[in-house]
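S.K.: Sequence:
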Amino acid sequence: MGLAEYEVTLGIAQELSGSIQTLQNLPGSISYLLKKTAEKFSADYILIDMNPSLSSVNQNLLMTSDFFIVPTVPDFFSIMAIDSLARIMPKWHIWAEKASDLKVLKEATYPFPKVTPLFLGTIIQNYQIINQKPSDSFQEWIDRIQKAVSDELYHVRIRA
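For the sequence shown, the working numbering assigns the number 3 to the initial residue and increments by one for each residue that follows.
Just so you know, not all the hints are guaranteed correct.
[What the hints assert, rightly or not] Label pairs and their computed distance ranges (CB to CB):
#1 PRO73 / THR39: 35 to 45 Å
#2 GLU99 / GLN134: 39 to 49 Å
#3 LYS38 / GLU109: 16 to 26 Å
#4 THR111 / PRO73: 29 to 39 Å
[Unchecked claim] Straight-line alpha carbon distances no greater than 25 Å define the calculated DMTMM-like cross-link-like pairs of lysine to aspartate or glutamate that follow:
#5 LYS149 / ASP85
#6 LYS116 / ASP46
#7 LYS38 / GLU99
#8 LYS38 / GLU109
#9 LYS149 / ASP51
#10 LYS38 / ASP145
#11 LYS135 / GLU41
#12 LYS93 / GLU154
#13 LYS108 / ASP77
#14 LYS108 / GLU41
#15 LYS93 / GLU41
#16 LYS38 / ASP51
#17 LYS116 / ASP51
#18 LYS37 / ASP103
Everything labelled a hint here was simulated from the structure, so no lab data went into it. Don't be surprised by glycine CBs; every beta carbon is placed ideally from N, CA and C.
Use the sequences and the hints to build the structure in full.
M.R.: See below:
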């Protein structure tokens, strides 16, 4: 919840990072904090449970991650979210590539990293199991989610 307090400031910093010197450390600070925390606790992986939005905090977290998994539930809203993610990720990646090349962000105390996140897959949760398999209605949504991921998300080009 504390990160949400910086949503507007981070959004401004990310949009105007080439011209606002006073906010130069903000876009790279989240990645720096996570890296230092992992070092302190000798963690090989950090799992970040993000809220389901297209916010600047999520943009920053996702575009500075090595990998990502998309959690879904068997419903229409997950299909919509996959579609939105497939449309927005290329835009976010273009922004991240530009941000990591900007002199002001390269020379910041907390430089913005150059990372291309790799999609690992989805997790489908919260469905009812009858006789060791999902009920028919849930299976229909699970199939639709898998198709949307296959048709839309696996083909998203975020690599340069």
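S.K.: Could you tell me which of the hints above the structure violates, numbers in ascending order?
M.R.: Checked against the structure, the hints that fail are numbers 1, 10, 11, 13 and 15, while the rest are satisfied.
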